[in-house]
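Participant: Let chain A serve as the given structure and place chain B on it in line with the hints.
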Amino acid sequence: MSIDPNNFQSNSSAKWLFLMAWRDARKSKSRLFLFVSSIILGIAALVAINSFSENLKDDINGQAKELLGADLELSANKDDFSYPFLDTLDYELSSENSFASMVYFPKNQGSRLVDVRALEGAFPFYGVIESNPASAAQSFRDGQAKALVDQSVLVQYDIQVGDSVRIGKVTFLIEGALISSPSQSMAATLVAPAVYIPMKYVEATGLIQKGSRVQYRKFYKLNDLDSEFDLDAQLREDREYLRTEGIRGDTVEERKRDTGRTFEDLSSFLNLVAFVALLLGCVGVASAVHIYIKEKIRTVAILRCLGAKGRDTFLIYLIQIGIIGLIGATIGAFSGTLLQTILPKVFADFLPVEVNFSISWTSILGGIATGLVVSILFALTPLLAIRKASPLLTLRNTSDGENSARDPLRWLVFAGIFIFIFGFAYLQIRDLSNSFVFTFSVLMAFGLLVLIARLAMWAVKKFFPTGWSYLWRQSLANLYRPNNQTTILIASIGLGTALITTLYFIQGLLISQVEITTDAGRPNMMLFDIQSYQKDEIAAFTKEQGLPVLQQVPVVTMRLSKINGNSLADVMADSTLNYRSGAFNREWRITYRDSLIESEVLVEGEFRIREANTDSVFVTIEKGYAQSNRIKLGDELIWNVQGVPVTSYVGGFREIDWERVQTNFLVLFPEGVLEKAPQFHVLITRVKSTEEGALYQRDIVKKYPNVSVIDIGLILTTVDEILGKISFVIRFMALFSIVTGLLVLIGSVILSKFQRIRESILLRTLGGSKRQILTINSLEYFVLGSLASLSGIALALLGSWALAYFTFETSFVPNVLPVLLVYFSITSLTVLIGLLNSRGILSKSPLEVLRSEIQ
Amino acid sequence: MASILKVQDLTKTYKSGSKNLTVLKNVNFEIEKGTSFSIVGPSGSGKTTLLGLCAGLDRASSGTVVLNGHALETLNEDQRAAVRNQYVGFVFQNFQLLPTLTALENVMVPMELRKEKNIRARSLELLDRVGLADRHDHYPTQLSGGEQQRISIARAFSNQPEILFADEPTGNLDEETSEKVEELLFSLNKEAGTTLILVTHDLELANKTNRIIRIKGGQVIYDSELANAETSI
Chain A
186 MSIDPNNFQS
196 NSSAKWLFLM
206 AWRDARKSKS
216 RLFLFVSSII
226 LGIAALVAIN
236 SFSENLKDDI
246 NGQAKELLGA
256 DLELSANKDD
266 FSYPFLDTLD
276 YELSSENSFA
286 SMVYFPKNQG
296 SRLVDVRALE
306 GAFPFYGVIE
316 SNPASAAQSF
326 RDGQAKALVD
336 QSVLVQYDIQ
346 VGDSVRIGKV
356 TFLIEGALIS
366 SPSQSMAATL
376 VAPAVYIPMK
386 YVEATGLIQK
396 GSRVQYRKFY
406 KLNDLDSEFD
416 LDAQLREDRE
426 YLRTEGIRGD
436 TVEERKRDTG
446 RTFEDLSSFL
456 NLVAFVALLL
466 GCVGVASAVH
476 IYIKEKIRTV
486 AILRCLGAKG
496 RDTFLIYLIQ
506 IGIIGLIGAT
516 IGAFSGTLLQ
526 TILPKVFADF
536 LPVEVNFSIS
546 WTSILGGIAT
556 GLVVSILFAL
566 TPLLAIRKAS
576 PLLTLRNTSD
586 GENSARDPLR
596 WLVFAGIFIF
606 IFGFAYLQIR
616 DLSNSFVFTF
626 SVLMAFGLLV
636 LIARLAMWAV
646 KKFFPTGWSY
656 LWRQSLANLY
666 RPNNQTTILI
676 ASIGLGTALI
686 TTLYFIQGLL
696 ISQVEITTDA
706 GRPNMMLFDI
716 QSYQKDEIAA
726 FTKEQGLPVL
736 QQVPVVTMRL
746 SKINGNSLAD
756 VMADSTLNYR
766 SGAFNREWRI
776 TYRDSLIESE
786 VLVEGEFRIR
796 EANTDSVFVT
806 IEKGYAQSNR
816 IKLGDELIWN
826 VQGVPVTSYV
836 GGFREIDWER
846 VQTNFLVLFP
856 EGVLEKAPQF
866 HVLITRVKST
876 EEGALYQRDI
886 VKKYPNVSVI
896 DIGLILTTVD
906 EILGKISFVI
916 RFMALFSIVT
926 GLLVLIGSVI
936 LSKFQRIRES
946 ILLRTLGGSK
956 RQILTINSLE
966 YFVLGSLASL
976 SGIALALLGS
986 WALAYFTFET
996 SFVPNVLPVL
1006 LVYFSITSLT
1016 VLIGLLNSRG
1026 ILSKSPLEVL
1036 RSEIQ
Chain B
9 MASILKVQDL
19 TKTYKSGSKN
29 LTVLKNVNFE
39 IEKGTSFSIV
49 GPSGSGKTTL
59 LGLCAGLDRA
69 SSGTVVLNGH
79 ALETLNEDQR
89 AAVRNQYVGF
99 VFQNFQLLPT
109 LTALENVMVP
119 MELRKEKNIR
129 ARSLELLDRV
139 GLADRHDHYP
149 TQLSGGEQQR
159 ISIARAFSNQ
169 PEILFADEPT
179 GNLDEETSEK
189 VEELLFSLNK
199 EAGTTLILVT
209 HDLELANKTN
219 RIIRIKGGQV
229 IYDSELANAE
239 TSI
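Protein chains in written order, with my numbering: chain A, 186 to 1040; chain B, 9 to 241.
Only chain B is shown next, with the shape it has when bound in the complex:
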């Protein structure tokens, strides 16, 4: 199967005062299209930094990230924005809906950026799929956390992304709502054939993905694929 994301020798160093702080060090992995993948690790291990670099939200200090054939380090911010708009969907822990837009408008924005036509009907369809068609004209503040996250999932799938990045998607939700959101995320992922990359603390959730890598101190200390390969050897 073809690779959608290839990470090679990825290192990220921040300058903190006079010191350099390395938060990611020589990370390598490759993800195939259509699979699901989770990154787990304790707080401060570098999970979110890794997700940010993979999604082109930030630049690596060294190493490469190739997303659907595009080497992100060679692109400027606007070009990376184009790549995100074209191939990437996001689901965030704190939803990150645009507060001044209605639920429907939030879902429409990625499509509008792509200058697509007939987006209203498609967005309503997506809202229907997440069970919130009747709340389409509500603003984020008028919705509960679970509802906001469902809207953000609908938005994430609105541009039919090749790859979906989810940063602790259930981190701010109660158990019951979390289950619904997880179910939605996985089923949509399966239906659309999207690659799913999850960053989570929740091992139960991570176990539902095809592959898990564990990070600690900025380095990959466990990769389920390698472990399986070793076991099978």
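Bound conformation, chain A alone:
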């Protein structure tokens, strides 16, 4: 048979390529398993979270009516409001009047600020008020004086169902613990947890008087409304009427949008966490394949010698990696689907709806495709070396077989990796600039770690401690000698450490921000709704109890009617007027004084006091608010102070430190204007202990039932609990990254065994004791683990500092203990895995190992 090699175009058949890929893979199962495990975990995290997000979205859509509990909710600050559109419709109505009030538990004389909700009718029409016992949500409405009290309050005050609670002048039997109800947000629960009572007892409590701040809600179930009818559009059409009447409307669609929006942010965050786990998986893939291919170069050279083309040998390994990647991605996708059943339990406290388990084929197929792309893309850089493998390697050891560094195709692969990370980040968070920042940060972190690794190798070589013992020298030299694992281990372990530590630091940062407010000397109790005639009395009472009156502030409620002569109607009609409608719609709570307090500072204009009654009124405004509402110095603001118009001018801008527990105000009037307006007062004090606080609250509630007390200490405890739950979720999500990082660690260390095995065996053959070899190996892994974890921690410090400085605008002081903990755990884990690996080699005879492992 003769051929013309000049026209040699024939490629090996696909069947043969697949056959060779299989033949080669079956003896490399354990090594390929490491590669596949990175993919499995990364994809499992991705699919679990994507499926969960999708189910959550579906369930929010499916259970939207349960979110609102009705077809339509109308609310206003007055009782007698109506909406003519409803006049012709057949509906069921349920009403709720809610107001903040102190409640009192006679059992142990505890008292607390709550949101009293007086309910009438069958609300909720959709979904349920969840209570314990479940029947209590209905039975508290059976006509007796019964209440449903938020379960957190019952726990805090050690009150049981069957005990009683006094609200104003009425004592109610606690029928059950309130677990959740439609239209109840976590933030509201924080300050004032809900207590449901039947509507007919409201009056008897004596708490609703003229001027009381009551929210009147009406829930409608529209019986004969076509399901296609767009209630949202109807509300938009009638918005002028609703606005003038001061009515706010909420529909199922709107609630769905709001909830969806909130949970989109959660989804984005979770998706990024999953993506980080996947990225760590990618590092695992790249490092596993890198070492795998290094070992296979000789096989490739033999195949080339026997006449295989460069393209064919490349394809054999590409097929192998592709198939293994596909298997890993498939296993990962299905494991992820199972894993998502856990997620609703993890997020239970935060979810507005019940998330049902359903298989999301989009997520599964997306996960499998991603796994396949990741496997191939991140394997390509090492795989490229195969194309250039010289058959001459069969005759002698040359470096010609590993010249992929000069392969121009490498840059194409790098570009592909960049596009993948960027594109995927964009798909997850749908924001170009954030995706770019994310991609850039990840690549930057990776680049820095590689740089640290290279620097470490250079430094060890340059300043080699020649005087040290042989064991130290041998293990240190392993860091830079050919086939070293320094770069890949530092990059993979370092990146994992950095991500996990950053999460930890940020969590600490959030918690410490809250803790600032509990510092000694800061106010921690706030009394409001004090009537003018009670002001001095309560201040005196407070002092009698040995408590300081830190601040006593009058508060006047008003509305803004005109800015520079323009009313809301003008602003709505003329799009050239940039004022925001929110400034007109809100109910302003404003104080008056002739001096600034310590939490605020004048940054622009003047702080002008009013010396004569004929002087113009100059107010100061919080700078950020003024800017976002396009209010400038000198602007004329006309206020409606409960019916009386008051003209004022913007005299200055203030900056306020909102973190302090103080009464801070967006708008500040000078003295001599509002003194006669209807107003209530706020008193701020500081109690030294929880017991002192409880006693003081009890006495205040007893003597002045209309006064509400906010116990900051109590709120902080609740915030702490919530943060605890959030940090649990963050830790749970970080677990994916940790486990993937660990797998990468285990993979890298196990693979490095194959690099070190010849030396270990040679050393043993030359008479090295088991202990000496173990010491050399542990020292090498100790140095590697230390370098990797320290680099990761350094990166985390840098990242957390940047986040603290730029995002949270606070200083960052890392806690030393967790840093040490991370360092020791990661380093000892690296050494441990390394040693467990070497044990296998050392327990067998050198020949046995050489025969089975080296080939």
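Please keep in mind that the hints were generated in silico from the structure rather than gathered at the bench.
Treat each hint with caution, since some may be false.
Pairs of lysine-lysine residues, derived as DSS-like cross-links and limited to a Cα-Cα distance of at most 25 angstroms, are as follows [to be verified]:
#	chain 1	residue 1	chain 2	residue 2
1	A	888	A	873
2	A	354	A	873
3	A	200	B	41
4	B	14	B	27
5	B	14	B	41
6	A	573	B	188
7	B	33	B	14
8	A	747	A	573
9	B	123	A	200
10	A	573	B	123
11	A	214	A	479
12	A	441	A	250
Facilitator: Quick look at chain B alone, frame taken from chain A:
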């Protein structure tokens, strides 16, 4: 008789740092089909480099190698791979079997690359010929050095090569096993009419070939054919 390998003015220079290292200098010879030929010389003399160039595993710095009518320097790596697959068989000092393939699969690979049919039976026949048919499903690690080399001989003959390159084929084997391998190599060579090119230190083995050239410092310092011709003159 027709020539199977023609080497003309073959020079190979490596770059070592800033210096050029010439490992082969103006080597010339021509080998006829069906003969046996050995290249001997001390370590580092350039024997293996010469073998690599003749077999198309590497490119010469200058000069030509014509293998069965194909000027190797004009071919790219894939084209040279085709030439190797078509005409060349290899036996290496360290066997170079594919570790993840069984003995049988190792023998089959060259034929598979040529997309031949019924290769299993032929490969088993070859294994039988080297006395290892019963070990066909063993992996290289499960075989001794001698057995591995016999497998590699079976593989080398599997594509019925025109020319067989053997680099120190007995270099890693004991005396008894070496003899068996040598016997096998020569008998198969004779049966198939293959040209055999040996690189060896072993003068006894070299003496069994039709022609010997000796290399030192990258140059041919002795060619038995020329010497014989001189003697006969």
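Participant: None of the hints should be skipped; say for each whether it holds.
Facilitator: Hints and how they fare:
no.	hint	verdict
1	A/888 <-> A/873	22 angstroms, holds
2	A/354 <-> A/873	30 angstroms, violated
3	A/200 <-> B/41	36 angstroms, violated
4	B/14 <-> B/27	30 angstroms, violated
5	B/14 <-> B/41	11 angstroms, holds
6	A/573 <-> B/188	37 angstroms, violated
7	B/33 <-> B/14	15 angstroms, holds
8	A/747 <-> A/573	77 angstroms, violated
9	B/123 <-> A/200	11 angstroms, holds
10	A/573 <-> B/123	24 angstroms, holds
11	A/214 <-> A/479	16 angstroms, holds
12	A/441 <-> A/250	8 angstroms, holds
In summary, the numbered hints that this structure violates are 2, 3, 4, 6, 8.
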